[in-house]
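Protein chains in written order, with our numbering: chain A, 123 to 446; chain B, 123 to 446; chain C, 123 to 446; chain D, 123 to 446.
Since the hints were made in silico from the structure, they are not lab data. Mixed in with the good hints, there may be bad ones.
Any copy will do: because identical chains look the same in the list, a pair fits if it lies in one copy or spans two.
Calculated pairs, BS3-like style, for lysine-lysine (alpha carbon to alpha carbon, straight line, at most 25 Å) [unchecked claim]:
| # | residue 1 | residue 2 |
| --- | --- | --- |
| 1 | K411 | K280 |
| 2 | K222 | K430 |
| 3 | K241 | K379 |
| 4 | K403 | K183 |
| 5 | K379 | K178 |
| 6 | K207 | K128 |
| 7 | K162 | K446 |
| 8 | K265 | K430 |
| 9 | K446 | K411 |
| 10 | K222 | K159 |
| 11 | K162 | K183 |
| 12 | K178 | K411 |
| 13 | K207 | K379 |
| 14 | K430 | K403 |
| 15 | K162 | K265 |
| 16 | K379 | K446 |
| 17 | K446 | K380 |
| 18 | K446 | K403 |
| 19 | K265 | K380 |
| 20 | K380 | K128 |
There are 4 protein chains.
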Amino acid sequence: MSTERKYTGGMWVYGQIIDRYATDGYNEPRATLDIVKDAKESGLSGIDINYPWPEKDLTPKEFKSTLDAAGLDAVCITPSIYSRKYRSGSFSSSDAQVRKAANDLADESVDVANQMGAKYVKFWPGQDGYDYPFQVDYTELRKHGLGGIRSVAQNHPKTQFAIEYKLKEPRTRLLWSTANASLINIAEVGVDNLGLVIDFGHSLFAKENPAEVLSLIHGQGRLVDIELCDNYREWDDDLTAGSIHLVETLEFLYTVKKIGWESALKLDLFPYRESPVSAVKESVTTLRKLEACVDRLDFAALNAAQSKHDAMAVQGIIRDALIK
Amino acid sequence: MSTERKYTGGMWVYGQIIDRYATDGYNEPRATLDIVKDAKESGLSGIDINYPWPEKDLTPKEFKSTLDAAGLDAVCITPSIYSRKYRSGSFSSSDAQVRKAANDLADESVDVANQMGAKYVKFWPGQDGYDYPFQVDYTELRKHGLGGIRSVAQNHPKTQFAIEYKLKEPRTRLLWSTANASLINIAEVGVDNLGLVIDFGHSLFAKENPAEVLSLIHGQGRLVDIELCDNYREWDDDLTAGSIHLVETLEFLYTVKKIGWESALKLDLFPYRESPVSAVKESVTTLRKLEACVDRLDFAALNAAQSKHDAMAVQGIIRDALIK
Amino acid sequence: MSTERKYTGGMWVYGQIIDRYATDGYNEPRATLDIVKDAKESGLSGIDINYPWPEKDLTPKEFKSTLDAAGLDAVCITPSIYSRKYRSGSFSSSDAQVRKAANDLADESVDVANQMGAKYVKFWPGQDGYDYPFQVDYTELRKHGLGGIRSVAQNHPKTQFAIEYKLKEPRTRLLWSTANASLINIAEVGVDNLGLVIDFGHSLFAKENPAEVLSLIHGQGRLVDIELCDNYREWDDDLTAGSIHLVETLEFLYTVKKIGWESALKLDLFPYRESPVSAVKESVTTLRKLEACVDRLDFAALNAAQSKHDAMAVQGIIRDALIK
Amino acid sequence: MSTERKYTGGMWVYGQIIDRYATDGYNEPRATLDIVKDAKESGLSGIDINYPWPEKDLTPKEFKSTLDAAGLDAVCITPSIYSRKYRSGSFSSSDAQVRKAANDLADESVDVANQMGAKYVKFWPGQDGYDYPFQVDYTELRKHGLGGIRSVAQNHPKTQFAIEYKLKEPRTRLLWSTANASLINIAEVGVDNLGLVIDFGHSLFAKENPAEVLSLIHGQGRLVDIELCDNYREWDDDLTAGSIHLVETLEFLYTVKKIGWESALKLDLFPYRESPVSAVKESVTTLRKLEACVDRLDFAALNAAQSKHDAMAVQGIIRDALIK
């Protein structure tokens with residue numbers, strides 16, 4: 123890259139963070155505009171915005187001014203189609219009123235995205251799916267779950283939409299589970315303005331090789347954004363980027379370069395017990411070092427080894443670029 | 123069994139249930155004494171009590187009276203050594219003040235248990251462990267994590283204590299992770315009044331066969347209580363008992379009978395999207411049907427097949443007892 | 123169904139079975155025509171035939187006569203594109219000569235299938251993929267891996283081809299890994315005479331719900347055959363059908379009925395330590411009992427509960443049909 | 123370390139390697155004495171010897187001479203208690219004759235170890251366990267499985283024995299499954315001359331943190347040998363060391379240094395599609411670079427961060443030592 127990579131992050135990184143055990147939260151609640159300061163302090167260039175935010179009197183315009191003043195972008199608007207109202211599904215709910223509410227919230231989110239200059243509206247359908255065998259009719263689930271999104275995308279043809287897929291959590295089975303399942307879904311939705319956000323951690327615990335599916339999604343023309351974090355391959359732990367799977371993170375960043383992706387990369391962390399600013403800074407420092415490794419890689423030698431599927435030759439090349 | 127099995131449940135089954143996404147909770151908050159009514163309505167005979175409960179003016183005595191009036195037992199007191207204060211560990215915290223707080227809360231819990239006639243004090247050390255490679259010195263972690271529990275147990279020699287082990291969550295690595303790890307820990311703690319609560323679901327996702335480790339824990343004289351639920355072997359989904367792994371639940375109940383365990387069995391469910399009363403009733407109905415299957419099993423034929431490790435013969439016996 | 127379901131099986135079920143530890147094999151080698159007798163004795167109606175078979179002087183015609191005499195069908199021909207020659211890939215090999223060999227073997231298999239009246243030619247590309255991060259260029263891997271199969275399918279437009287997908291083994295990463303990945307691949311191959319064989323066990327350890335993807339594959343018009351077995355969700359253990367995941371096997375058979383699939387179901391077992399005939403008979407007995415449960419299910423009540431995503435109501439219906 | 127670390131390897135690394143699909147083997151069979159040459163060429167200092175080896179006329183004495191001439195050690199003798207005869211268990215078999223055969227083979231192995239100067243006799247009880255729920259009586263399984271090893275160990279009090287534990291494969295459930303299960307088993311066996319071989323890959327896919335259990339096993343005085351390789355946390359892929367989990371391999375080597383283990387480290391690889399000599403050399407080169415990283419680590423700074431469980435501070439220290 124001619125210029126230095128930018129990094130962005132989710133607002134949730136700096137939030138209170140609650141789970142089912144520490145129901146008093148891992149931190150004190152944090153005001154939205156304070157989160158802007160945190161993001162700035164962390165060195166980020168933009169934030170992924172959960173909508174609605176808790177402060178009812180904070181207008182999109184005012185929020186945008188604060189971002190502008192801090193030099194931060196509104197990366198995307200992420201409607202909270204996973205809160206209590208949507209606990210049994212948003213677009214795929216069995217309840218027509220809930221489906222309508224999801225649709226309305228999506229419409230509002232488009233409006234907010236336009237007001238704030240966000241690049242896309244992101245759906246994270248973490249409640250859309252089921253939990254038990256036999257619980258749903260799969261054809262029906264798809265009809266509503268995909269149809270609702272089709273309808274929103276068709277009603278806002280100038281807006282870019284993206285799905286962030288995930289194997290599970292909070293539901294045990296999700297409709298947008300893997301990269302390939304999401305591409306099949308997108309083909310069924312059948313609109314041009316719907317793509318995917320790939321999250322390195324989601325991909326890892328969906329048993330994918332993140333670099334491989336990044337290449338696939340990009341090749342199909344559906345890549346909208348890229349998120350980074352790490353985990354132990356079994357759950358969405360949202361640990362700092364590069365903290366566990368260094369080699370696969372490196373291959374992921376190599377693929378980012380190979381496909382010519384020059385946009386900012388987003389961090390999706392849940393620093394339950396760490397300072398969020400530190401967690402972001404640690405992640406960015408590691409990622410920048412890994413991007414420098416990628417820049418040092420002898421692409422010609424690597425391609426030659428890859429054309430023979432020569433794993434041993436490849437390892438020497440990687441090791442020389444990566445390990446001190 | 124000469125008399126019908128009793129079932130108990132955790133208070134949390136009937137609670138609001140929050141997670142990191144639906145931070146407004148899956149349900150409205152539920153008052154402690156209303157939970158007693160729910161448990162009664164579900165047909166339970168007792169409850170596992172998280173301490174402290176939210177109502178500051180509710181005394182143990184008053185709580186106990188309400189339980190007595192409903193004909194319910196106080197199964198155990200479970201101090202909340204997993205809330206914000208203990209987010210980086212309770213007994214194993216690196217902070218001496220937090221370790222002291224855990225100790226004090228344990229002392230209080232013993233007192234409450236005595237007032238309420240609870241059979242044991244249960245520790246669920248879900249924040250005791252670590253998240254990242256290199257984060258802790260393992261010897262030091264064990265010294266504090268086991269030493270703190272030893273101290274409590276020695277100070278209350280007439281109280282029965284139990285650990286509910288779990289592979290992970292909320293931390294990615296826990297000190298009391300599996301049945302065998304817990305037995306090794308207990309040997310190191312070195313007191314007689316400390317045992318284990320086995321949770322079928324925790325065991326399943328720790329890659330154990332629950333029936334096998336139930337037999338092991340009982341054989342070592344450390345079985346204090348038994349919990350039931352189900353999941354997809356990768357996470358503590360806390361689904362209704364018998365909803366997924368019917369054969370392994372049957373083998374678990376067969377082992378319960380084989381070791382002569384006549385106490386109540388406890389339900390550990392998180393019915394995020396279902397009525398808690400229904401989830402408990404469904405679980406109990408399934409479990410009672412499975413216990414009837416166990417009673418129908420030809421133990422002599424089964425033992426004969428097992429003595430030859432004859433999996434095919436065993437399957438016929440199980441199928442005949444289980445499937446309509 | 124008006125008539126009783128037929129069951130078929132893979133020839134390998136009755137074979138010697140070797141692995142990397144018991145390199146002397148779990149059994150004595152078994153002659154191909156003896157396997158026909160075994161399959162007959164097991165009550166099967168047809169076999170999946172690995173090609174080439176070990177006896178060089180056994181002609182397809184002679185083999186077919188033996189099958190006819192036993193009243194068995196040749197279900198499909200499965201070319202051994204996973205033996206030593208193809209250890210680093212068949213159609214996706216980096217070696218043009220190996221790719222040519224795979225193509226030739228496929229041509230031969232079509233010829234044998236025609237001679238023996240087999241319904242389809244099955245590819246199980248277990249060596250097509252990679253093992254290490256950075257080992258291959260994914261675009262190149264797809265180009266060869268999908269292109270080779272396209273070429274075969276186009277050269278034999280009257281032959282039905284099918285891929286049996288699998289997450290991994292023997293390679294750690296496979297090109298035809300999941301149902302959705304395979305549907306994406308098929309779309310890229312772009313021919314009409316290529317479909318999928320879904321294996322319940324492969325689906326389970328690919329973290330899919332087998333019933334859900336069966337419905338999906340059928341809905342996309344790509345279902346060619348169905349295989350059954352069981353495992354612990356983490357590996358292709360090839361245990362007897364219904365031995366572990368009874369509820370999910372029941373839902374799978376319910377879906378088989380729902381989509382109107384009246385063809386035979388195939389068994390894919392590796393009875394390392396059991397008599398193959400017993401393993402098949404045990405599986406079929408269990409499956410027939412489960413099919414009878416499906417027939418007893420109150421479809422109207424089930425659909426009503428499913429239309430509300432009512433997991434608790436569904437469980438009662440399933441329990442009543444399934445458990446004695 | 124004052125002197126350079128030595129590396130050893132399993133004989134199987136250089137063998138034919140067969141699995142259930144490529145039954146013609148991934149390579150040509152390799153003669154035992156040729157494997158000695160391969161090991162020498164790879165730069166190893168010793169080999170782990172499967173017994174019996176295929177050449178019936180090769181005496182231990184002659185084998186030993188060849189090793190001596192090559193300057194290689196006989197690390198240990200590993201009796202093949204996992205071949206066809208023991209397919210349903212060795213010491214834990216339900217068949218008294220098989221148990222006797224395992225005992226006899228163990229006796230022979232002690233004799234061969236003495237003749238060849240091997241440091242220990244290693245049991246890898248990969249067939250000792252079960253496959254299905256209800257298949258065995260667990261108490262009985264333990265009685266035979268542990269009793270047989272106790273008997274061997276007591277009969278050869280001057281010989282060091284070690285168990286290499288593994289979660290599964292070839293059986294789906296093993297008696298010596300995890301580090302903690304093995305320590306519990308060893309306590310029940312009750313002899314002093316029985317310890318453990320920890321394999322980094324086995325530990326990883328048993329859901330352990332290898333560094334943590336290495337520390338535990340050493341702390342209990344039961345560490346006999348250490349093996350290295352890598353995998354994807356779900357199966358014993360036996361990939362080259364450091365190829366996937368670099369950070370956890372580094373923490374493992376850090377722990378090796380911390381406990382003062384100066385013995386050779388052993389490689390346990392299955393290079394199905396790679397040159398074994400290359401796979402070993404690549405592994406050793408990576409491991410030596412990682413050991414140099416460990417030597418560069420600021421132990422005082424690391425300990426200070428660990429004493430506060432400060433994951434973010436730790437990551438900076440590790441990154442500086444590891445990444446170029």
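Status of the hints after comparison with the structure:
1. Taking the closest pair of Cα atoms, K411 and K280 never come within 25 Å of each other, the shortest separation being 37 Å inside a single copy and 53 Å across copies.
2. In this assembly of identical chains, the alpha carbons of K222 and K430 lie at most 25 Å apart only when taken from different copies (16 Å versus 54 Å within one copy).
3. Within a single copy, K241 and K379 get their C-alpha atoms as close as 21 Å, which meets the 25 Å cut-off; across copies the closest is 46 Å, which misses it.
4. Proximity of K403 to K183 under the C-alpha cut-off of 25 Å is found in neither arrangement, the shortest distances being 29 Å within a copy and 51 Å between copies.
5. Proximity of K379 to K178 under the C-alpha cut-off of 25 Å is found in neither arrangement, the shortest distances being 41 Å within a copy and 52 Å between copies.
6. Proximity of K207 and K128 under a CA criterion of 25 Å is satisfied in neither setting, with 35 Å inside one chain copy and 35 Å between copies.
7. Neither within a single protomer nor between protomers do K162 and K446 lie at most 25 Å apart by alpha-carbon distance, with minima of 31 Å and 28 Å respectively.
8. Within a single copy, K265 and K430 get their C-alpha atoms only as close as 44 Å, which misses the 25 Å cut-off; across copies the closest is 14 Å, which meets it.
9. For the homomeric pair K446 and K411, the shortest alpha-carbon distances inside one copy (12 Å) and between copies (8 Å) are both at most 25 Å.
10. Taking the shortest Cα distances, K222 and K159 never come within 25 Å of each other, neither inside one copy (35 Å) nor across copies (35 Å).
11. With identical chains, the CA atoms of K162 and K183 are at most 25 Å apart within one copy only, with a shortest distance of 19 Å there and 52 Å across copies.
12. With identical chains, the CA atoms of K178 and K411 are never at most 25 Å apart, being 41 Å at best within one copy and 52 Å at best between copies.
13. For the homomeric pair K207 and K379, neither the shortest alpha-carbon distance inside one copy (41 Å) nor that between copies (35 Å) is at most 25 Å.
14. With identical chains, the CA atoms of K430 and K403 are at most 25 Å apart between copies only, with a shortest distance of 19 Å across copies and 38 Å within one.
15. When the C-alpha separation of K162 and K265 is checked against a cutoff of 25 Å, the pair qualifies neither within a copy, at 42 Å, nor between copies, at 40 Å.
16. When the C-alpha separation of K379 and K446 is checked against a cutoff of 25 Å, the pair qualifies both within a copy, at 22 Å, and between copies, at 19 Å.
17. Proximity of K446 and K380 under a CA criterion of 25 Å is satisfied in both settings, with 24 Å inside one chain copy and 21 Å between copies.
18. When the C-alpha separation of K446 and K403 is checked against a cutoff of 25 Å, the pair qualifies both within a copy, at 21 Å, and between copies, at 18 Å.
19. In this assembly of identical chains, K265 and K380 lie within 25 Å of each other by CA distance solely across copies; the values are 17 Å between and 37 Å within a copy.
20. Proximity of K380 to K128 under the C-alpha cut-off of 25 Å is restricted to the intra-copy arrangement: shortest distance 17 Å within a copy versus 39 Å between copies.
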